[in-house]
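Make the complex out of the two chains shown on their own, each in a separate frame, by following the hints.
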Amino acid sequence: MESFDPSIVSTLREMASGNEVPSAMLRYLVTILPKECSDRTRWVRYFAEAFCFREGEGYPIFGWQPDGSGELQDVDIDCFLTPRISKMREWWAGAGV
Amino acid sequence: MVPLPSWVQSPSGVIDCDVDILTATPTVLHLQNQQKIRNFIQAEMTEQNWLKYYVENLPKDGTGCPGRWLFELAWQHLSRHGTIQGIRGDWTFGDNLRDVNRLTAGGSWQLEDAIRRTWGFARATSKGFPTLQILDVNGQPGRYRSIDVLFLP
Numbered sequence: 135m136e137s138f139d140p141s142i143v144s145t146l147r148e149m150a151s152g153n154e155v156p157s158a159m160l161r162y163l164v165t166i167l168p169k170e171c172s173d174r175t176r177w178v179r180y181f182a183e184a185f186c187f188r189e190g191e192g193y194p195i196f197g198w199q200p201d202g203s204g205e206l207q208d209v210d211i212d213c214f215l216t217p218r219i220s221k222m223r224e225w226w227a228g229a230g231v
Numbered sequence: 037m038v039p040l041p042s043w044v045q046s047p048s049g050v051i052d053c054d055v056d057i058l059t060a061t062p063t064v065l066h067l068q069n070q071q072k073i074r075n076f077i078q079a080e081m082t083e084q085n086w087l088k089y090y091v092e093n094l095p096k097d098g099t100g101c102p103g104r105w106l107f108e109l110a111w112q113h114l115s116r117h118g119t120i121q122g123i124r125g126d127w128t129f130g131d132n133l134r135d136v137n138r139l140t141a142g143g144s145w146q147l148e149d150a151i152r153r154t155w156g157f158a159r160a161t162s163k164g165f166p167t168l169q170i171l172d173v174n175g176q177p178g179r180y181r182s183i184d185v186l187f188l189p
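Those protein sequence lines, which keep their order, are chains X and Z. In terms of my numbering, the first sequence opens at residue 135 and continues consecutively. In terms of my numbering, the second sequence opens at residue 37 and continues consecutively.
Don't take every hint at face value.
Anything over 12 Å on all C-beta distances counts as not near chain Z; from chain X, calculated [said to hold, decoys possible]:
{"id": "1", "residue": "Pro140"}
{"id": "2", "residue": "Thr165"}
{"id": "3", "residue": "Ala182"}
{"id": "4", "residue": "Leu215"}
Chain Z is faced by these chain X residues, among others (derived, beta-carbon under 8 Å) [said to hold, decoys possible]:
{"id": "5", "residue": "Val155"}
{"id": "6", "residue": "Lys169"}
{"id": "7", "residue": "Ser172"}
{"id": "8", "residue": "Glu189"}
{"id": "9", "residue": "Gly190"}
{"id": "10", "residue": "Tyr193"}
{"id": "11", "residue": "Pro194"}
{"id": "12", "residue": "Phe196"}
{"id": "13", "residue": "Gly197"}
{"id": "14", "residue": "Gln199"}
{"id": "15", "residue": "Glu205"}
{"id": "16", "residue": "Leu206"}
{"id": "17", "residue": "Phe214"}
If you're looking for bench data, these hints aren't it; they were derived computationally from the structure. None of these values were measured; they are calculated from a predicted model. From the three backbone atoms N, C-alpha and C, an ideal C-beta is built for every residue, glycine too.
Bound conformation, chain Z alone (with noise of 0.2 Å):
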């Protein structure tokens, strides 16, 4: 186990947030919450100097670290490393695909407008990346099986 960096200092007001670094390296960061099994972040640079990672805090009950504050912390790990130029959404599963999916059942939304809708695309305009661009869909309105989005910006 990685020392935890002045950097890693839990946010207040939050229950069971006890983060442990399992792997920092230039080009991945791998946080683990020791209160929650389910709580972690996995972040990598890929070779295109984009971002990618999959976070999780369940089950959803109010208590571990959150989301927003382990995806900080990712971005702060590997922007020292290097220049992110954009962050990939591989949506296979999970929570942006799922409200993709809610927001464009019956025709009600455009893809590009449900993707702006999500928890995701807030994680990259909250770092300069406002720009879609989808790579690829697999699936049709309200039963999208994945997106592949790339975040530019």
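Chain X extracted, bound-state conformation (with noise of 0.2 Å):
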């Protein structure tokens, strides 16, 4: 099993509930977590594990990176994540931690 800091997973759904931007939420999680070579795949799982994705909804943060460079922006990101993340409210709103 996987384990996941609740504090964090609790801090991404208040971030969510407060219509914060998930490319803001990725910074946090950027400034938050120890940097391994595994960052994106954290991130990922960070993100399912927090809005209950099973359907690898968050594979387009693969495609970002926290300096810009990755092909895909903050804008882009949002754009993709911020609906998957809203289909998904009912099933994490309250899910506790």
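Right under this line is the structure:
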């Protein structure tokens, strides 16, 4: 089983509830998680845990880099992920951690 | 880190391919090449028993673990734990989307035909999933922003 820090999962949900954009959530993960070679995979897994993604909805994150060097920029990642997070709201909004 | 099982043997004739299993559960496999930071695969079995994956080997300099080999490992691992019913391609960036846009620019190729020319389609057909079902498309020929496609038997 993968382990997730419940306070990070909770913060991601609070940010989504407060209408913060996914790129801001990713930057929060960049600051809070220790840097590893597999950063993007960890971000994808955290989004899946926080927002109850079960169909790989977070995969656009693989195209994003915090320094803007990825194929997807903040505006792209916000465009792709915002509706996916909203679609799952009924699952994660009351899920606790 | 999980010890390497016998089925993970580096392919012959490749440079700088030293894979580690970072996650291996019945529904998720994450392999990372320790010799090349942007060389990994993340694969999972979705709730609908579709295989979904992202594989990367960058830069394209002839080194690292081949994507085709990483895909094969993911297939072997996940199919041991369940029956894969389809392969989902959620293309929002990367080679598959880029190839579709290149082929459809100028109206020379239909979307379905262009998808059949992608690396992702080749992987799907290699596992017996040659049938296309386009779930969602955003954009226009030559400028698709995203393509959500399912490969079925």
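For this session: Could you work out which earlier hints the structure fails to respect and list their numbers in ascending sequence?
Result: Going through the list in order, the structure violates hints 3, 4, 5, 6 and 14 and respects the others.
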